[in-house]
Amino acid sequence: MDLLVFILATAMVIAGAVGVILRSNPVHAAMSLVLTLFGIAVHFVALGAHFLAAVQVIVYAGAIVVLFLFVIMLLGVDKSEDLSIEPFPIQRPLAVVVGVGVSGLLIAAIARAKDTIIEGVPLDASGDQNIQALARNLFSDHVFAFEFTSILLIVAVAGTVLLTRKEKKDSQS
Amino acid sequence: MITMIATVLAADPMLDTDKWWWKVLAIVAAKVLAIFVIGLVATMLMVWFERKIVSGMQNRIGPNKAGPFGLLQTLADGTKLFFKEDLLPEKADKWVFRLAPFLAFVPAFLLWSVIPLGGDFSNGHDGTVTWFGETTRIQLIDPPIGILLVLALSSIGVYGIMLAGWASGSKYPLLGSVRASAQMISYEAALGLSLGAVLLMSGTLSTSGIVIGQNSLGNWNIVATGFIPFAIFLIAMTAELNRPPFDLVEAEQELVGGFNTEYSSIRFALFFLAEFMNVITMSGIMVTLFLGGPQPLELGGVNIFGWAGPLGGTLWVLLKTLAFLYAYVWFRATLPRLRYDQLMDFGWKLLIPVALGWFLVLAALQMTRDKYDGLGPVMVTAAIGVVVLLLAYLLFTAALTVSRRNREREGAAY
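If you read the sequences in order, they're chains A and B.
Anchor point for the first sequence: position 31 equals 31 in the numbering used here, and the numbering is continuous, going up by one each time.
Anchor point for the second sequence: position 135 equals 135 in the numbering used here, and the numbering is continuous, going up by one each time.
Where hints are given, some of them may not hold.
Unchecked claim - Label-pair restraints from in silico Cβ distances: (1) B:Val380 <-> A:Lys114: 50 to 58 Å; (2) B:Trp330 <-> A:Ala63: 27 to 35 Å; (3) A:Arg112 <-> B:Arg98: 44 to 52 Å; (4) A:Ala95 <-> B:Ile38: 51 to 59 Å; (5) A:Leu138 <-> B:Arg337: 38 to 46 Å; (6) A:Leu153 <-> B:Ile61: 54 to 62 Å; (7) B:Pro68 <-> A:Leu138: 43 to 51 Å; (8) B:Asp373 <-> A:Leu138: 26 to 34 Å; (9) A:Gly99 <-> B:Ala383: 54 to 62 Å; (10) B:Ile38 <-> A:Leu153: 36 to 44 Å; (11) A:Ala15 <-> B:Gln253: 37 to 45 Å; (12) B:Leu311 <-> A:Arg136: 40 to 48 Å; (13) A:Leu138 <-> B:Arg98: 40 to 48 Å; (14) B:Leu311 <-> A:Leu138: 40 to 48 Å.
Since the hints were derived computationally from the structure, they do not count as laboratory data.
Note that beta-carbon positions come from the ideal geometry of N, C-alpha and C, so glycine has one too.
Let's have the full structure, built from the sequences with the hints guiding it.
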């Protein structure tokens with residue numbers, strides 16, 4: 001049963017990921033991304049991390065991909081682009097290099113993982129304890145990282161507002 | 001096998017048993033079937049209820065031909081929709097066009113599974129009932145993340161509307177769906193923040209846990225959280241459901257019919273069904289969160305559904321949910337639709353700041369109550385909270401004034 005869930009969820013994740021790359025229509029690609037995120041949520045549930053699964057769906061599927069779709073619809077980029085035109089000439093070779101590099105890193109990490117990861121002792125955290133353990137960890141051990149992340153997000157928001165306002169002034173003068 | 005399903009679903013305490021798995025399976029199947037039937041019939045009755053009440057408020061008679069009091073009108077309409085031609089617009093994205101109604105419909109149905117629909121919570125009982133020797137709850141599943149599941153499903157519901165508008169390949173549905181998604185994302189923030197106040201009080205995410213915590217009128221979250229989260233939740237939920245006065249998604253005068261303009265036949269029926277079912281399930285969620293779900297309201301120790309025994313909880317849920325359903329119909333019949341900028345201003349500049357401020361004050365009060373005894377420290381915390389809120393309000397208005405002045409100096413943006 002566990003194996004079946006694992007296989008199904010992994011199939012969802014991989015099918016979604018392949019879809020994101022291969023679909024030429026941005027909206028279809030975004031839908032494939034949702035499939036991937038759902039697959040990961042299923043994995044979380046199977047591992048007993050219910051809270052993470054819920055957050056995965058609420059934040060990623062419910063907010064971020066919706067915003068992707070929102071931008072796609074608002075800007076009207078939902079048409080397949082002409083692939084022969086290259087806006088930045090160096091982009092494609094660079095993408096190949098980065099892609100190979102990241103996959104190399106991932107493969108290395110997976111190969112090493114067998115030695116470094118200790119045989120996991122599952123956290124005795126059912127129900128609400130799951131969330132309490134997570135919150136305690138986040139607000140004690142990792143409180144600085146947590147707060148810096150929120151500052152980063154605020155900076156990003158403020159920067160976006162600033163950039164859009166400047167653009168408007170230029171167009172008027 | 002059943003234990004493994006239980007670990008996957010983490011659904012119900014009764015599923016942890018190894019013996020009698022067929023009996024457990026039968027109970028779960030019966031529950032699923034019951035919820036499916038209740039969902040469909042309740043939706044059918046809700047459409048009738050809404051039409052009848054609205055017509056009453058407008059001095060009309062309303063549906064009265066099909067069945068007694070026109071009760072079967074929805075059934076007739078549904079049958080008609082089944083046999084209508086199913087149109088597929090030429091410019092539609094066929095795959096997404098076919099998928100969208102189900103993305104709206106399935107989450108609406110799944111929401112039923114976490115609502116406590118009954119059970120005996122009076123006199124400190126924990127709401128479990130015993131059927132054929134198995135202890136279970138009158139709700140399909142009771143996952144530890146219960147209420148987050150509601151948020152997750154309602155955010156999936158956005159996809160249905162959004163993709164329906166986009167896939168139609170036509171102007172007005174697209175505008176409608178862009179509006180819908182902007183509105184739903186905006187109000188989801190206020191919704192989550194007022195939900196936070198409830199979770200602060202109950203200290204658990206499971207829906208049955210939230211109900212157990214509200215064991216007297218003073219502990220009902222509508223009282224315990226100080227009414228404001230409830231008001232915000234009700235407003236934000238109305239917006240989330242795209243109900244009047246927040247139904248800009250299908251503003252007929254501006255958008256023809258909104259996101260579902262190009263839909264017809266059974267696909268349209270699915271959207272229609274999902275919309276009305278969401279009204280019922282969300283009312284049920286509100287009853288669970290703020291009004292104690294199946295908890296009886298005992299005024300002077302009298303439980304008016306005390307005679308019903310174990311069914312009393314169900315009757316209470318029904319009564320409380322009906323109050324909300326009536327309120328929704330009432331909103332629709334009386335309140336005029338907001339303008340789009342009013343809608344966004346209301347959500348972002350009023351609801352979210354108020355919800356956030358109230359949440360902080362509640363958190364501070366809860367903290368004080370846990371740490372110190374007596375009324376004194378609580379009063380001091382409340383006073384500090386009020387002062388901080390006042391300062392925040394002044395800063396906020398100052399910021400709004402400055403931005404408005406800047407806007408006026410720059411001239412019109414468009």
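Against the structure, the hints:
Distance hint for B:Val380 and A:Lys114: a CB-CB separation of about 57 Å, consistent with the stated range 50 to 58 Å. Distance hint for B:Trp330 and A:Ala63: a CB-CB separation of about 32 Å, consistent with the stated range 27 to 35 Å. For A:Arg112 and B:Arg98, the Cβ-Cβ distance of about 45 Å falls inside the hinted range of 44 to 52 Å, so the restraint holds. Range check, A:Ala95 to B:Ile38: about 53 Å between beta-carbon atoms, so the 51 to 59 Å window is met.
Separation of A:Leu138 from B:Arg337 is about 42 Å and conforms to the stated range, judged on CB atoms against 38 to 46 Å. Between A:Leu153 and B:Ile61 the beta carbons are some 55 Å apart, a value that agrees with the proposed interval 54 to 62 Å. Checked against the hint of 43 to 51 Å, the pair B:Pro68 and A:Leu138 fails, with Cβ atoms roughly 58 Å apart. The beta-carbon spacing between B:Asp373 and A:Leu138, approximately 30 Å, falls within the hinted interval of 26 to 34 Å.
Against the hinted window of 54 to 62 Å, the Cβ-Cβ separation of A:Gly99 and B:Ala383 comes to about 59 Å, which satisfies the hint. Remark: the range hint 36 to 44 Å for B:Ile38 to A:Leu153 is upheld by a beta-carbon distance near 42 Å. For A:Ala15 and B:Gln253, the hinted distance range of 37 to 45 Å is satisfied, since their beta carbons lie about 43 Å from each other. Taking the beta carbon of each, B:Leu311 and A:Arg136 are about 42 Å apart, inside 40 to 48 Å as hinted.
For the pair A:Leu138 and B:Arg98, the beta carbons lie near 42 Å from each other, so the given range of 40 to 48 Å is met. The beta-carbon spacing between B:Leu311 and A:Leu138, approximately 44 Å, falls within the hinted interval of 40 to 48 Å.
Hint compliance for this structure: hint 7 alone is broken.
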